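Mind docking chain B on chain A? Use the hints.
Protein chains: 2
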Amino acid sequence: MENNQQILLASRPSGMPTKENFAFKEAPIPEIGVGEVLIRTLYLSVDPYMRGRMSDRKSYVPPFPLNEIIVGGIVGEIIESRADDLSKGDVVIGNLGWQLYNVANTAEVRKIDPTIAPISTYLGVLGMPGLTAYFGLLDIGQPKEGETVVISGAAGAVGMIVGQIAKIKGAHVVGIAGSDEKIDYITQELGFDVAINYKTTDNIRQALKEACPNGVDVYFDNVGGEISDAVLSLLNHGARIPLCGQISLYNLEKPDVGPRIQSQLLINSALMKGFIVSDYAKQFKEGAFQLAQWVQEGKIKYKENIVEGFENTIDAFLGLFKGENIGKQIVKVAERSQQSD
Amino acid sequence: MENNQQILLASRPSGMPTKENFAFKEAPIPEIGVGEVLIRTLYLSVDPYMRGRMSDRKSYVPPFPLNEIIVGGIVGEIIESRADDLSKGDVVIGNLGWQLYNVANTAEVRKIDPTIAPISTYLGVLGMPGLTAYFGLLDIGQPKEGETVVISGAAGAVGMIVGQIAKIKGAHVVGIAGSDEKIDYITQELGFDVAINYKTTDNIRQALKEACPNGVDVYFDNVGGEISDAVLSLLNHGARIPLCGQISLYNLEKPDVGPRIQSQLLINSALMKGFIVSDYAKQFKEGAFQLAQWVQEGKIKYKENIVEGFENTIDAFLGLFKGENIGKQIVKVAERSQQSD
Chain A
1 MENNQQILLA
11 SRPSGMPTKE
21 NFAFKEAPIP
31 EIGVGEVLIR
41 TLYLSVDPYM
51 RGRMSDRKSY
61 VPPFPLNEII
71 VGGIVGEIIE
81 SRADDLSKGD
91 VVIGNLGWQL
101 YNVANTAEVR
111 KIDPTIAPIS
121 TYLGVLGMPG
131 LTAYFGLLDI
141 GQPKEGETVV
151 ISGAAGAVGM
161 IVGQIAKIKG
171 AHVVGIAGSD
181 EKIDYITQEL
191 GFDVAINYKT
201 TDNIRQALKE
211 ACPNGVDVYF
221 DNVGGEISDA
231 VLSLLNHGAR
241 IPLCGQISLY
251 NLEKPDVGPR
261 IQSQLLINSA
271 LMKGFIVSDY
281 AKQFKEGAFQ
291 LAQWVQEGKI
301 KYKENIVEGF
311 ENTIDAFLGL
321 FKGENIGKQI
331 VKVAERSQQS
341 D
Chain B
1 MENNQQILLA
11 SRPSGMPTKE
21 NFAFKEAPIP
31 EIGVGEVLIR
41 TLYLSVDPYM
51 RGRMSDRKSY
61 VPPFPLNEII
71 VGGIVGEIIE
81 SRADDLSKGD
91 VVIGNLGWQL
101 YNVANTAEVR
111 KIDPTIAPIS
121 TYLGVLGMPG
131 LTAYFGLLDI
141 GQPKEGETVV
151 ISGAAGAVGM
161 IVGQIAKIKG
171 AHVVGIAGSD
181 EKIDYITQEL
191 GFDVAINYKT
201 TDNIRQALKE
211 ACPNGVDVYF
221 DNVGGEISDA
231 VLSLLNHGAR
241 IPLCGQISLY
251 NLEKPDVGPR
261 IQSQLLINSA
271 LMKGFIVSDY
281 AKQFKEGAFQ
291 LAQWVQEGKI
301 KYKENIVEGF
311 ENTIDAFLGL
321 FKGENIGKQI
331 VKVAERSQQS
341 D
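As they're listed, the protein sequences go chains A and B.
So that you can map any letter, position 155 of the first sequence is 155 in full-length UniProt numbering, and since no number is skipped, the others follow by simple counting.
So that you can map any letter, position 269 of the second sequence is 269 in full-length UniProt numbering, and since no number is skipped, the others follow by simple counting.
The hints are simulated quantities; they were obtained by calculation from the structure and are not laboratory data.
Accuracy of the hints is not assured; some may be wrong.
Put simply, identical chains are the same to the list, so a pair is met inside one copy or across any two.
Below, in silico cross-link-like pairs of lysine to aspartate or glutamate (EDC-like), each with a Cα-Cα straight-line distance of 20 Å or less [to be verified]:
| # | residue 1 | residue 2 |
| --- | --- | --- |
| 1 | K144 | D279 |
| 2 | K88 | E286 |
| 3 | K25 | E324 |
| 4 | K88 | E324 |
| 5 | K299 | E253 |
| 6 | K301 | E80 |
| 7 | K199 | E181 |
| 8 | K254 | E226 |
| 9 | K25 | E189 |
| 10 | K254 | D229 |
| 11 | K199 | E226 |
| 12 | K88 | D256 |
| 13 | K303 | E189 |
| 14 | K19 | E308 |
| 15 | K199 | E20 |
Being a predicted model, the structure only gives us computed values, none of them experimental.
Just chain A, with the same shape it has in the complex (with noise of 0.2 Å):
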């Protein structure tokens, strides 16, 4: 057996994360205590929330202490267990650390069900981006038939659950995104009425202006900034914004400063709601099966972006800034062993 290797928070980054923020440690495999399981990484996810980990102002959840192990969404497989509950070959997911080797205890992992769907795509469309987009969407936004719907970063992991379930809920729906390719993606792959690419459009507020000839009912909002002051000039009545990111300000050195929005919210009776998926923990078996019904019915189609090798993550993190991928970002560490004993 190979040696562990981690990845650590070398720095805080001020801006622009780079390479240098983080650094590789090689340590040995860790012992496992009784009622813990030793997990090989199968797959890890690189997600934008993560970015406001890594500063240490105040974020939906507490900071990564700087020079240890950076923590996300794993999949991986038991390689020896002194669990009850799990066994060798078990395949789990958890928040665990960005590591080919993780130490757990039962209730830091839940098993996973390998016949159902790949097991990547429960780090995406049936896992945290999935539920992400299913509750902000449900919950906060409310859509109704006929009404239209808005999602910037639409080509995100969340962003085209949020739009195939829109149009589940039969809303006409848009999206914003950031190349070509995505937007064609979205509309001939998944489905959404129009798509708008930010980078080439002169004119971002006519853009939605055409696109949504009966104004905006929700907006999910996974970017911020300027694309959100556009969308938000064209509220309708008792509009619905579930906040679900600011992916445009994550990297911002200075605070962020636009026109007021309470205007827009004021007169248009508009709800603007942040969450966090976690604030929906109660209904996650709830959420994951319906989607997972959507999926098995081809309702709901998802596209990951695969990155090959452990070595290559901080590579796929800081991809995630630069508007490249389309779907979920995942890196594939090892391949799931053959025999399932």
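Frame of chain A; chain B shown alone:
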């Protein structure tokens, strides 16, 4: 009988309104038709939201047309009736013209009972401002016992009722207002726990921190701008922000620019919702009943700032933006007739 006198919108204000934006006009007293009543104005309401209607940009309600009579809340008595349900001597409330005499049909006015409370209160605590406070706080803010509720514009017609309802619900109530007289009034007379004079406080953020040692759960916002920026920096997870008004911005000539607030809402899973009292029209009866009960029980006190004389209406309106008034600003236009046949 004297002639009718009317106040017209002569020009649209740019920035702070001035007397020159208004014109007085004399006109004959109108004739009424079948189904109509002639109403003599007794009290007239001046309200901050009316500023929005004087501009021609989109607001809650359509703009006032130029060179036409301004429309607002009026309490008056019927001096002539050709309607079945209303008689001479009845006191009614409605959205009517700023003039000594209005013609209305029965759908446009609502009869009020002068024996329950002084008739002017139907423009204040038992009327639009009271209902605004009631629904904004209870439906959107949903304060729970022991939570912290912060109110800007706390000594205004709406703010002072919000604070008292929040106290009834068992909250820790912090008011922000612009004079020591206001501060003393809302703490000593109305029972707010803490009040901050934003005009004499060096550091509003620090003052709020001290006033809200457990953070902010509900922020009832009447003013917007930098005061709101400071409050939003103290939100707790799951905070609720009813947006009632943005009086600090109504007279700005340039767009209001400041730190974008989405990040604050996002990291705190906070909800912000604009509203206008008419969103709750179906529940007015319930709200008015509860407010009247609280007033009768002495749990809600009210304060009116009554200016005498129709000719002082413009001054009373302009005074709203100078921060001079405590409580509901009302113009008394005429005494009610003694005969009540």
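Structure-based check of each hint:
In the homo-oligomer, the alpha carbons of K144 and D279 lie at most 20 Å apart only across protomers (19 Å), although the nearest pairing inside one protomer, at 23 Å, exceeds that limit. Neither within a single protomer nor between protomers do K88 and E286 lie at most 20 Å apart by alpha-carbon distance, with minima of 28 Å and 62 Å respectively. For the homomeric pair K25 and E324, neither the shortest alpha-carbon distance inside one copy (28 Å) nor that between copies (65 Å) is at most 20 Å. Proximity of K88 and E324 under a CA criterion of 20 Å is satisfied in neither setting, with 37 Å inside one chain copy and 75 Å between copies.
When the C-alpha separation of K299 and E253 is checked against a cutoff of 20 Å, the pair qualifies neither within a copy, at 41 Å, nor between copies, at 49 Å. Within a single copy, K301 and E80 get their C-alpha atoms no closer than 35 Å, and across copies no closer than 70 Å, so neither meets the 20 Å cut-off. Within a single copy, K199 and E181 get their C-alpha atoms as close as 12 Å, which meets the 20 Å cut-off; across copies the closest is 54 Å, which misses it. For a Cα distance limit of 20 Å, the shortest separation of K254 from E226 qualifies both inside one copy, at 15 Å, and across copies, at 18 Å.
In this assembly of identical chains, K25 and E189 lie within 20 Å of each other by CA distance neither inside one copy nor across copies; the values are 41 Å within and 65 Å between. In this assembly of identical chains, the alpha carbons of K254 and D229 lie at most 20 Å apart whether taken from the same copy (18 Å) or from different copies (16 Å). For the identical chains of this complex, K199 and E226 are intra-copy neighbours only, at 12 Å inside a copy versus 32 Å across copies, given an alpha-carbon limit of 20 Å. Neither within a single protomer nor between protomers do K88 and D256 lie at most 20 Å apart by alpha-carbon distance, with minima of 49 Å and 60 Å respectively.
For a Cα distance limit of 20 Å, the shortest separation of K303 from E189 inside one copy, 10 Å, qualifies, whereas the shortest one across copies, 62 Å, does not. Taking the closest pair of Cα atoms, K19 and E308 come within 20 Å of each other only inside a single copy of the chain (18 Å); across copies the shortest separation is 72 Å, beyond that limit. In the homo-oligomer, the alpha carbons of K199 and E20 never lie at most 20 Å apart, since the shortest distance is 29 Å inside one protomer and 47 Å across protomers.
Hints 2, 3, 4, 5, 6, 9, 12, 15 from the earlier list are contradicted by this structure; the remaining hints agree with it.
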